[in-house]
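*Asks:* From just these sequences and the hints, can you work out the full model?
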Amino acid sequence: MTNRYPLWKNLLILTVVLCGFYYAAPNLYAPDPALQIAGASSSQQIDERVLGRAETALTDAGIGFFGEELQNQGKSALLRLNDREQQLRAQAILARELGDGFIVALNLAPTTPDWLVSGAATPMKLGLDLSGGVHFKLEVDVAAAAERKLNQYETGIQKRLREERIRGRISLDGQKVAMQFRSEADREAARREVMDLYPELFLDRVDEGEIWSLYAEVTEQTIKEVVDYAVAQNLTTIRNRVNELGVSEPLVQRQGSNRIVVELPGIQDTAEAKRILGKVANLEFRLVAEANAPISERQRFEYRSADRGGMTEWLERDVIITGESVSNAQAGFDQNGQPNVSISLDGEGGMLMSRATRANIKRRMGVLFIERKYRTRYEQDESGEEVAVRIPYDEKKLLTAPVIQSALGAQFQITGLDSPAESSELALMLRAGALAAPITFVEERTVGPSLGAENIRLGMKSVQVGLALVVVFMILYYRVFGIAAVIALSGNLVLLVGIMSVLGATLTLPGIAGIVLTVGMAVDANVLIFARIREEIRSGSPPQTAITQGFDRAIVTILDANITTLIVAIILYAIGTGPIKGFAVTLSVGIITSMFSSIMGTRALVNIIYGGRRVQSLAIGGIGSKRSSPEGAQV
Amino acid sequence: MKAIPFMKWRWIAVALSAAALLVAIASLTIKQLNWGLDFTGGTLVEVAYSDSADLGAIRKVLDEEGYEGAVVVSFGTDKDVLVRLPDGYSDEQGAMMVDKLRGATEMSIELRRIEFVGPQVGEELRDDGGIAMLTALGLVMLYVAFRFQIKFALGAVIALAHDVIFTLGFFSLTGLEFDLTVLAALLAVVGYSLNDTIVVSDRIRENLRKIRRASPGEVIDISLTETLGRTLVTSLTTLLVLAALALFGGEMIFGFAVALLVGVAVGTYSSMYVAATTLLQLGVSKEDVMVPEREGADQEGLMP
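Protein sequences appear in the order of chains W and B. Each residue of the first sequence is one higher than the one before, counting from 755 in our numbering. Each residue of the second sequence is one higher than the one before, counting from 5 in our numbering.
Hints were generated in silico from the structure; no laboratory data involved. Treat the hints with caution; some may be incorrect.
[Claimed, not checked] Straight-line distance between alpha carbons at most 20 angstroms, and here's what the computed SDA-like set of lysine to any residue pairs gives:
1. W:1215 / B:250
2. W:903 / W:953
3. W:1215 / B:80
4. B:214 / W:1292
5. B:214 / W:1310
6. W:1151 / W:1073
7. W:1151 / W:1038
8. W:978 / W:898
9. W:1028 / B:102
10. B:83 / W:1204
11. W:1028 / B:99
12. W:1028 / B:250
13. W:1028 / B:122
14. W:1215 / B:247
15. W:1215 / B:254
16. B:6 / W:1292
17. W:829 / W:802
18. W:1215 / B:252
19. W:903 / W:960
20. B:83 / W:1202
21. W:913 / W:1051
22. W:1116 / W:1157
23. B:214 / W:1204
24. B:6 / W:1295
25. B:104 / W:1202
26. W:1028 / B:96
27. W:1028 / B:97
28. W:1215 / B:265
29. B:83 / W:1212
30. B:214 / B:292
31. W:1215 / B:244
32. B:214 / W:1073
33. W:1028 / B:100
34. B:83 / W:1207
35. W:1028 / B:94
[Stated by the list, open to error] Computed far set for chain W versus chain B, every beta-carbon distance over 12 angstroms:
36. 893
37. 898
38. 928
39. 942
40. 961
Model, not experiment: these values are computed from the prediction. Each residue gets a CB set at the ideal place from its N, CA and C atoms; glycine is no exception.
*Replies:* So, in structure tokens, the structure goes:
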């Protein structure tokens, strides 16, 4: 009974703690405020020339910077600033200097030294409540997505039946497309065509006297696929738009079936962010109607720009392609120096476009911009209270209606634009892509940078004060064993921070609270062990036996107690959002590290102090030093 | 060591607990909880004025601008102002209101935070929170029933429910805001209180097996006495750090710290009295903890 750990065990503990130190260390280095320059399109290279322009602009404005470098094989560049206060101003200056082709993002550049970088050690990310920024939760209007799909079916069927010269009445009836024919033969012909066109529709024949009806029903499965697609498409579009906002390390994430969470660290101007994110832009390319076209096949639209206020144009009802087909759009100039916009379409879009334009050269094509807007109406609900009802509607306005000069394919230009400003605006709208379904903001949290900094300061202070109180108490109460426990506790904190950094966890204010709580609860395992040791001594065991028995007996209790707490922490993680998840993560990691440090760590220290020699008494407070005093034993 | 006769006084504890729970439930029914923005939905704006803010003037401005139902309070210091709008304002109103406040004063105003929660989200969070709480209690009961025995599981869960209802009652009575962080704290209380209860139950089980000539009541008394030191020390260290958090952590974490302070304090009491009394009333005996031979061998391996 010598209470010595074999060398390998001591080395193992030492290695774990050293690793903890290594991976926790990057958090000690405060990041530099920085600006990151990237190209607006992924092919754009950032070279020394661009960087040089940026440096000159900053020097002219009297903004101090350092550590400028090219990153990612010239895909982006980084400039570190001397003063965080100047970050926003510097961003505005660079954005103006470099122009549309580049995105200038606020950034916090890590200052992790090389000896840590080489081991892939990185600092913890700060949550929005600590770094400042905006958190949005968006909801995709799935009903609208389903409705839009239904309209597509209706138009598609209409078009096909017209092409096949099958006469009938087609209308929408709930989740069905209703078709009515004058003869059974027509209906059968139509049924074959619809089955060929949309095999996913469920067809049902109903005879109503002289009318032969056919109902094409959209199955639940199809609706689900449509909704899924709409959410996924919106996710992509929002990602693109977020990139346009110029934020480093934004988060865009799907949550549940129809929600999207967007986190933008460092952003303060929420109005601008929301304008870009929430802009439910969709585009439609349609031919301008010929003057003699029947009224049922054309619609009138107003121009969107103010200079052509009130002017209207008749467009065909048939849509050639929508904005979803647009893969890229760039503003530029043609050979004559006139502003234009170059558009690239995806494969299917290019095919449709070429089919539609081939036969219509010299006619004009209108580009419609569709925005979802809301009207608020006040109504009385069942209990007589007034509630606001938001009624969505689509506002469709004409962006431009250029003449088709030749058959268009997947690549074409829109010319005849009034100004470079107009071309860049049009390009932006085309490029920003289309949301497949309208979105609404259901949650929004903005944290100013000063509050974030204050939260860090207060959080750190409570960790320090809490730790100090526990340290004092433990040493006074448990003497030498208390010191061992305190060292293990400090090791536990280091391990906790190290593991959180390796996991890439985000530190939030509740996360800091979790660390504080861990400090308080982590000593519990040691308290259990020490209480057992005291009991053993009280019942007459010699010191070395008491240590062994104390540790061994307490372990089962410690495991049971911690596993149940871990269950609760995991549930917390499963239901929690944002900051709460941060708390759950620290709590879980804290439980695991505290078990390691208080069982293995403390044991190693106690072994080093008392192990392998004859010991008369243990300095464990209470009874250890004065074995004859039973009163002191119970505290 | 002489055992403290805890169980002799258990009816006093039962009476106290019953009274406290009655008050808590009554308050939760009548006064209900002061639900935070996370659960009610609405808009919350925190701004910092460069100097002492005149709440009356701010109220007047908001009144004139037509912000009906706006609640204006100072937050922490007299420079910090918190404005809460009820549900029904659009997501853009928060930022617009800050602009209006800026226009109405000579002082500079710094935006600290804006929070907007739609009504649907609030309702969902409330439902999810309730489900989480019940899931936690259910799973914990299963684990304890599996590791110990069903009577211990019932004791643990009744103790946990006791702590949760007590803490909720405390929040209802004091009118402290109940937000998402408080809900998280409440789940942490479940975890903590459970920790305590397990340690006590573990000792009761051990002593039931070990001490042959004693009634279950006496065994429980001995177990509670033996674990009393540990229970008090752990609670004390936890309460120390929580007090630090409540005092220095700032306004955003205050509710969280208070919920844990109350929960840990009452959790310490309940692990001794509520869980143990339930065990005793359920008629716990040696037979309940006698394990089949093979499993007993495993136990021995773990606890030499």
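*Asks:* Against this structure, judge whether each hint is valid.
*Replies:* The hints, checked one at a time:
1. W:1215 / B:250: 11 angstroms, holds
2. W:903 / W:953: Holds, because 15 angstroms separates the two Cα atoms, which is no more than 20 angstroms.
3. W:1215 / B:80: 17 angstroms, holds
4. B:214 / W:1292: With Cα atoms ~18 angstroms apart, residue 214 of chain B and residue 1292 of chain W stay inside 20 angstroms; holds.
5. B:214 / W:1310: 16 angstroms, holds
6. W:1151 / W:1073: 14 angstroms, holds
7. W:1151 / W:1038: Measuring from Cα to Cα gives roughly 10 angstroms; hence the hint holds.
8. W:978 / W:898: Holds. Residue 978 of chain W to residue 898 of chain W sits at ~13 angstroms (cutoff 20 angstroms).
9. W:1028 / B:102: 16 angstroms, holds
10. B:83 / W:1204: 14 angstroms, holds
11. W:1028 / B:99: Satisfied, since the Cα-Cα distance of roughly 11 angstroms is no more than 20 angstroms.
12. W:1028 / B:250: 35 angstroms, violated
13. W:1028 / B:122: Between residue 1028 of chain W and residue 122 of chain B the Cα gap is close to 15 angstroms, so the pair holds against 20 angstroms.
14. W:1215 / B:247: 12 angstroms, holds
15. W:1215 / B:254: 10 angstroms, holds
16. B:6 / W:1292: This hinted pair holds, its Cα atoms lying about 13 angstroms apart.
17. W:829 / W:802: Holds - the C-alpha atoms of residue 802 of chain W and residue 829 of chain W are around 12 angstroms apart, at most 20 angstroms.
18. W:1215 / B:252: 7 angstroms, holds
19. W:903 / W:960: 24 angstroms, violated
20. B:83 / W:1202: Roughly 16 angstroms between the alpha carbons, so the hint for residue 83 of chain B and residue 1202 of chain W holds.
21. W:913 / W:1051: Roughly 11 angstroms between the alpha carbons, so the hint for residue 913 of chain W and residue 1051 of chain W holds.
22. W:1116 / W:1157: 6 angstroms, holds
23. B:214 / W:1204: 60 angstroms, violated
24. B:6 / W:1295: Holds: residue 6 of chain B and residue 1295 of chain W sit about 19 angstroms apart, inside 20 angstroms.
25. B:104 / W:1202: With Cα atoms ~18 angstroms apart, residue 104 of chain B and residue 1202 of chain W stay inside 20 angstroms; holds.
26. W:1028 / B:96: 9 angstroms, holds
27. W:1028 / B:97: 13 angstroms, holds
28. W:1215 / B:265: 18 angstroms, holds
29. B:83 / W:1212: Within the cut-off at roughly 18 angstroms; holds.
30. B:214 / B:292: 13 angstroms, holds
31. W:1215 / B:244: 14 angstroms, holds
32. B:214 / W:1073: Answer violated: residue 214 of chain B to residue 1073 of chain W is near 84 angstroms, above 20 angstroms.
33. W:1028 / B:100: 13 angstroms, holds
34. B:83 / W:1207: Holds. Residue 83 of chain B to residue 1207 of chain W sits at ~17 angstroms (cutoff 20 angstroms).
35. W:1028 / B:94: Judged against 20 angstroms, a Cα distance of about 13 angstroms means the pair holds.
36. 893: 8 angstroms, violated
37. 898: 16 angstroms, holds
38. 928: At about 24 angstroms from chain B, residue 928 of chain W clears the 12 angstroms cut-off, so the statement holds.
39. 942: Holds: least Cβ distance 47 angstroms, greater than 12 angstroms.
40. 961: Non-interface label stands for residue 961 of chain W: nearest chain B Cβ at 44 angstroms, farther than 12 angstroms.
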